[in-house]
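Chains as they are written, first to last, in the working numbering: chain A, 18 to 290; chain B, 22 to 280; chain C, 21 to 377.
This list has only true hints and no planted wrong ones.
List time: in silico DSBU-like cross-link candidates among lysine-lysine, alpha-carbon distance up to 35 angstroms: (1) B:K172 / A:K22; (2) C:K127 / A:K204; (3) C:K23 / C:K126; (4) C:K137 / C:K127; (5) C:K105 / A:K105; (6) B:K170 / C:K105; (7) B:K172 / A:K204; (8) A:K204 / C:K137; (9) A:K105 / B:K195; (10) A:K103 / B:K170; (11) A:K239 / B:K244; (12) A:K103 / B:K25; (13) A:K239 / B:K55; (14) A:K22 / B:K110; (15) A:K105 / B:K25; (16) B:K25 / C:K126; (17) C:K150 / B:K111; (18) B:K244 / A:K72; (19) C:K123 / B:K25; (20) B:K111 / C:K105; (21) A:K22 / B:K111; (22) A:K22 / B:K170; (23) B:K57 / A:K79; (24) A:K204 / C:K175; (25) B:K110 / C:K150; (26) C:K127 / C:K105; (27) C:K105 / A:K204.
Far from chain C, by Cβ distances over 12 angstroms, these chain A residues were calculated: (28) K22; (29) L143; (30) G144; (31) L148; (32) I272.
Worth flagging that the hints you see were computed from the coordinates, not collected in a lab.
No residue lacks a Cβ here, since even glycine has one placed at the ideal position from N, Cα and C.
For reference, the chains in residue letters:
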Amino acid sequence: MRNLKRQLLAGPYILWMAGFILLPVLMILYYAFTATGGNFTFLNVSSITFSVHLKALVLSLKLGLICTVICLALSYPLAMILNSMKAKSQGFIVFIFILPMWMNFMLRILAWRMLLSNNGIINSLLGTFGLPGIDILNTPTAVVFCMVYDFLPFMILPIYNAMSRIQPDIIEAARDLGAGSLIIFFKIIVPLTMSGVVSGIIMVFVPALTSFAVSDLLGGGKVLLIGNVIEQAFMQEYNWNLGSGLSFVLMIFVIASMALMNSRGDENGTGVW
Amino acid sequence: MLRKSAQRIYLFLIFLFLYLPIVVLIVLSFNNSKSKVLWGGFTLDWYKKLFSNSAIMEAFSTTVFISLASAVIATLLGTLAALGIDAMKKRGQAVMLGATNIPLLNADIVTGISMMLLFVRFTRLGISTVLIAHITFNIPYVILNVLPKLKQSSRTAYEAALDLGAAPLYAFRKIIWPQILPGVLSGFLMAMTMSLDDFSVTYFTKGAGINTLSTMIYTEMRKGIRPEMYALSTLLFLIALILLLFMNFGPTARKEARP
Amino acid sequence: MSKKLIDLTHISKSFDGQMILDDLNLYIRENEFLTLLGPSGCGKTTTLRIIGGFETPDQGSVMFDGRDITNLPPNQRQLNTVFQKYALFPHMSIAENIAFGLKIRKKSKTYIDDKIKYALRLVNLEGFEKRSIESLSGGQQQRIAIARAIVNEPKVLLLDEPLGALDLKLRQDMQYELIRLKNELGITFVYVTHDQEEALTMSDTIVVMNQGYIQQIGTPQDIYNEPVNAFVADFIGESNIINGLMLKDRLVQILDVKFSCVDEGFGCNVPVDVVIRPEDVELVSPEQGMLEGHVVSLIFKGVHWETEVLSNGFEWLVHTTQMHPVGAHVGIRVDPFNIQIMNKPESNDEKAVESHA
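In isolation and in its complexed conformation, chain A is listed as follows (with noise of 0.2 angstroms):
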């Protein structure tokens, strides 16, 4: 009887979520399947297909390949070298790496913009070296810089936290039986990382999927993403069914890119903290 009574506490959370998480979705459901009529229609849907549509969706995906890439590619190593220092420092080390993560959002795409612009930091560093300057601000490559730089912290993390609860016996057993680097490289430390990985990916690819206030300043109007296109839909063009049309396709990829990745991760591979 007590077990139930304190069950109940969770009733308040419960609320809360059916009235402001269910609720929304179904909102977007609804305004995503009717016309502006109320009617029932598959075209805000399908609308997709529409070649801006289809471009934006096209580059955000490409994009959000690369950015996850890249990021997995820097913070592989980094994890490591964090993972092999020292106990003591280690904490406080990995932290340093974490901290910009908690820098406003924001602040961070307004320090890129500034170091990348024409008159900016890099271009004169370059101009003192006598070197020509780089036209980057405004292009997909910027874009894909400041998002690496938004979203690094959130791979190195998990791949860290899942290095460093490998134990180092496992490793001195795998020296012990004949394997060399590559072989404990590739057979031991990359299998039982897994998990870590597919967290990272996931937690890069989709926020770098789905951004469009990178793309909006820094690719001055000109890198058109698909949050882009459903953020004009509400904003300037008003067109709800549209825009929930669009954030339904949306919904379904980032839903599909976390169910290929979990497919290949173990069980507790979600959630970093």
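Guided by the hints, dock chains B and C onto chain A, whose structure is given.
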């Protein structure tokens, strides 16, 4: 030795990549010149301008209010929810945890839009809708911080207290509460930082004329960058640094035993 | 006697400025079951890790079969280790765990399959190939760890407190298993433990270590019956250790009473440690004893009574088959050949013989 120095260089390069933008922002916030490159001498002018800019100061107080209020309410609801979930059977727990993960994993833009649709339908967008939205995405962080502490807390100690004649509420206050308090506090801090950092959800759920710092900077940046922003960045970075230092090395820090 | 297989000479090792091993010399014969025994922090695990190649000594050398392997990495040594916490690979099945070393050596598939079957039969876990690691109990995991090591046909098997995590009954069963395995495989075992009973049961040779120094090397019987100092006596089994004064050859004074003994060569009027095993103390009637005392506590232990007798200010620990109630007035008698005389250690870092007995 060669390997060690290669590792050092790699760490340093990533470190540079992560901190160069922040350092440049901080340096420029004291630069007595509008140039992004040339050093025109030390000044605190941008900080003065920042504090006399009523729009930024209003956005700042809104941000502080939203993040504090949403963190407090989310901590309350989340802690209660964690207690309830802990009392559930395995299957109920799995369902609840699955549901809790949805807002964590869902795309911010979808979370924001879906709530905007709801709010516009039934009420008007304003500061209260932003608050509700922030509470919603904050609760999971509280639950995920409190629940592990509950699982670790000793059930036998609680039962021993009952056995020794303590009423359930008294036993909770004296036995369970001290054990989960670190989780509650770190959940609160995490909720606050998440709320401070949020842009997308706020962007879609705020009414006209209401701005948090994130949405404010967004609008400003579309017009151009003013040096007050550098001053603002420096201050926000300091705030994040202090919060995070407190979370990691303060009294609530999770002590991870490494073999 | 068989030949020396491993020879450690002048090994020193310190961690963070703290000396763990100091000028250690030890050799291990082919086919021997050698146990490194000592309290935690005595350097036994470090010694094993130096043999395994997981640590490099600061000084000294490790010879294996006449070849210097001091700086050889573990994956190139002809020995395998059974780790304290098993260290099985959690992402692999049992068969994959066992096959790990063989695959690295590029053995054929049929060879590997045969070896897996053979090893599982050897550790009494036939048919477990496809099972996952988590589905096994601690004792079963330990057997797999042993199987994984022995399929590689190492010349030496290193075992680091392999039974430490098991409960008492299982531990005893596994002790017999290990002895059987050792005999069937005919290879050298180097075993680390802090459990003296385990060491006495299984070993051919016991090396007692303390604070980085070897205290005594010998057969289980030697170590138990003829401990060279009070530390060994106290560590191996229970003992009465009493301050004594060696009056002359074959006469020692304990608790103001003269006892005859069999030891010689200590000099005259030299302070010594006197060690007497509790089962070597006889309780007799007061008038027959060399010392008189009162029983102060009595515990029934099954095979014997553990009796404590207070006599001349010393509490004697006595194992008897007869019951003497608390408060009883008794006499104490010890046969001369059951009295062990030992030199007092000069310092805490007592250094003892380093030669094979």
